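**Q** Line by line, the protein sequences give chains A and B. If you're matching positions, the first sequence starts at 1 in the UniProt record's numbering and goes up one per residue. If you're matching positions, the second sequence starts at 1 in the UniProt record's numbering and goes up one per residue.
Read the hints as simulated data drawn from the structure, not as lab findings. Quick caveat: nothing in here was measured; it's all calculated off a predicted structure. Mixed in with the good hints, there may be bad ones.
No more than 16 Å apart at the CA atoms, straight line, and that leaves these computed lysine to aspartate or glutamate pairs for EDC-like [what the hints assert, rightly or not]:
1) B:381 to B:465
2) A:110 to B:465
3) B:148 to A:23
4) B:219 to B:134
5) B:207 to A:23
6) B:147 to A:23
7) B:141 to A:112
8) B:141 to A:114
9) B:204 to B:177
10) B:114 to B:280
11) A:63 to A:112
12) B:204 to B:353
13) B:71 to B:124
14) B:234 to A:23
15) B:234 to A:112
16) B:148 to B:352
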Amino acid sequence: MNLRLHPRFFGPRIREIIREKVDSVVEGSCDPTYGFIISVVEIISIGNGLLDDETGFAKFPIKYKALVFNPFQFEVLDAVVISVNETGILTEVGPLVIFISKQSIPEEMKYDGESTPPCYKNADESEKIMNECEIRLQIIGLHPSKV
Amino acid sequence: MEEIPLLFKPDSWETDQKMKIIRWNLQEGSPFDYDTLLFEYFIPRLEENYDPLTLKFYSQNDGTIKKIIAKPNTMIGYSDELAIIETCPHDIVFDNLCASCGKNLSNNRKFLQKRVSIVHSSNDIKVSKKVVNEITTNQIKRLSSNKKLALILDLDNTLIHTITLKEDELIPNTSFEIEKFRLENDANYYYVCIRPGVRGFLEKISKFYELHIYTMGIKKYAQKISSILDPSGKYFSNRILSRDDYDEQFLTQKNLHRIFPADDTYVLIVDDREDVWLQETENNGLKICDNLIQITPFHCFYETTHLNEIENLLKNLTIDKNKFEIEKKIKCYDYDQKREKNTLLLVSNILEECHKTFYSSKTKIKNVKAILSDFKRQVLKGCNIWFPLSLFETDVNTFKVLISKAFDFGATCYYEWNTKITHTIAIDRRQLDELCQALDKERPMHLVSPEWIHSSCIKWEKQKEYLFTQDFEETEEKFNLISDKLLKVDEIYEKENENEKENEIEMEKEDLKEKEKRWKK
Chain A
1 MNLRLHPRFF GPRIREIIRE KVDSVVEGSC DPTYGFIISV VEIISIGNGL
51 LDDETGFAKF PIKYKALVFN PFQFEVLDAV VISVNETGIL TEVGPLVIFI
101 SKQSIPEEMK YDGESTPPCY KNADESEKIM NECEIRLQII GLHPSKV
Chain B
1 MEEIPLLFKP DSWETDQKMK IIRWNLQEGS PFDYDTLLFE YFIPRLEENY
51 DPLTLKFYSQ NDGTIKKIIA KPNTMIGYSD ELAIIETCPH DIVFDNLCAS
101 CGKNLSNNRK FLQKRVSIVH SSNDIKVSKK VVNEITTNQI KRLSSNKKLA
151 LILDLDNTLI HTITLKEDEL IPNTSFEIEK FRLENDANYY YVCIRPGVRG
201 FLEKISKFYE LHIYTMGIKK YAQKISSILD PSGKYFSNRI LSRDDYDEQF
251 LTQKNLHRIF PADDTYVLIV DDREDVWLQE TENNGLKICD NLIQITPFHC
301 FYETTHLNEI ENLLKNLTID KNKFEIEKKI KCYDYDQKRE KNTLLLVSNI
351 LEECHKTFYS SKTKIKNVKA ILSDFKRQVL KGCNIWFPLS LFETDVNTFK
401 VLISKAFDFG ATCYYEWNTK ITHTIAIDRR QLDELCQALD KERPMHLVSP
451 EWIHSSCIKW EKQKEYLFTQ DFEETEEKFN LISDKLLKVD EIYEKENENE
501 KENEIEMEKE DLKEKEKRWK K
């Protein structure tokens, strides 16, 4: 990645500051190709900085290793239900929010809006899907969104 | 995925007209996107030497062509089968992704515009008309089997009154039920006062209505309030709609179709503000939503009623704002709580009555809007109100809404003077005098300010007219009131300061006395 650094940081501690900056900028962000960047493991190299003529910012090419969560199409995941409504179930896996429409929920699971909290259940009520349940799902489509 | 026949149904096509396909742009088995060219065709004419115009046929959805039925150079008429296509209807869309086939539809603006949100808790889930109808019929079935109706409740100034403060203050000592809390990532302290009698109101009304919350507040706030009002979740469950769940364009308006897109004949609304529930009428006018029952706003904390007005005033009056805020923080209105309970009782009675009429065997047309309108019409029945045209010079829309409101509540409205007039609306006494002189007519029976209509409608009872004749020069009076209050605040501060000074002086005196005693010793 390229890190842009404000001129006020130029000084003897610059390498330290770059390390801190990389952590704070990158961690928790979502990259279209790499997925969610959860934690920076190590910084491999900090390249030579290049000054931007117009702004005075310096641009540093940086190579780093990070722990990422990169979900892909048709991946099977375990997710936690965060809300249930008449159109389907909203779940989350860490930072990823996944929606399961009622078309993808087995036919025998019917929506029950009257119970508190609302849930999907089968005819003899032996199985119930409601808030904070854990379910296994397969991703049919995804796209990176604003984080 | 489903296989459906592709029919030839272009707009503006005469039913007996025929056409011939020149060539297909795609082969069997090839996928196509929304708005791709499928084939070119022309309309054959009998005349000789006629150069036919080539027309193009674009797809209305996306999918794959399974089988081409209409071969080139055969005659094809309106709504004939052209091909068999395999397509996904994208009935449920989540964050621009189709929830059943996983296709990214974000490039397909036209298509997405047809999808509407229906779920309270998420604006990202959008559904097609088909699903909306399904959900609505299920909902109506569920409600009618329980003999219930739906009711949308507002939070602020309806069920509760909240102020946010930057500093931590002690909860004032009043008989109101006040709770203090903070939200995540928010430095402010929230002080919530629950309207007296709300718990009883919810308990009673939840037997007849399925309760929904629709608030302009943020999600966390709405959830917090609902957990205070309804700790077990039996009233509201997940039916909470907050600022985070609707589109930017609706931030100043509440939209009934956001929760009930298909059918609003079994829904009522209780809100303290009517101006957020305006609807456009057929002839481009504005009208207050028929489902609305307006409730007297509830204010607990001192002088936040006209907060905006005060803030505007403060800019002009150059009074230290901080001083005022401190005063605002601590004070609570201290009035008889029976008044609030009666207000809620009134609303709950109306709601109960509507419910009773809706489910009584006599009512054939099941429309709660019509039932409510019948009740409304009793309020100002027999009033003939004259709206002099000079009213409209200042603010056309406000008075248009006012007229439609008076009409909804059973009054007859006139633009011209006639002998039947019982009430005249005026904002200014001078204006009315001029009018009367110009017309050379006797003064009408009652001169009232627009407040009279509002007040009568909100209390569901024709108010005594003389209370509203003094209200002319309203704005001026309000200004005076507020500036009086500001002066009072200043006085209080001065007094406090004086007290402090006096205390200090007394302390000093005592010190002196002690010193004197010592000296004497």
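**Q** Now, for every hint given, state plainly whether the structure supports it.
**A** We went through each hint and held it up to the structure:
1. B:381 to B:465: 15 Å, holds
2. A:110 to B:465: 57 Å, violated
3. B:148 to A:23: Distance of about 55 Å is beyond 16 Å: violated.
4. B:219 to B:134: Between residue 219 of chain B and residue 134 of chain B the Cα gap is close to 27 Å, so the pair fails against 16 Å, i.e. violated.
5. B:207 to A:23: 54 Å, violated
6. B:147 to A:23: 58 Å, violated
7. B:141 to A:112: Holds - the C-alpha atoms of residue 112 of chain A and residue 141 of chain B are around 13 Å apart, at most 16 Å.
8. B:141 to A:114: 12 Å, holds
9. B:204 to B:177: 19 Å, violated
10. B:114 to B:280: Cα-Cα ~20 Å, so violated.
11. A:63 to A:112: 51 Å, violated
12. B:204 to B:353: 13 Å, holds
13. B:71 to B:124: 42 Å, violated
14. B:234 to A:23: 44 Å, violated
15. B:234 to A:112: 14 Å, holds
16. B:148 to B:352: This hinted pair holds, its Cα atoms lying about 11 Å apart.
Comparing the model with each numbered hint stated earlier shows that hints 2, 3, 4, 5, 6, 9, 10, 11, 13, 14 do not hold.
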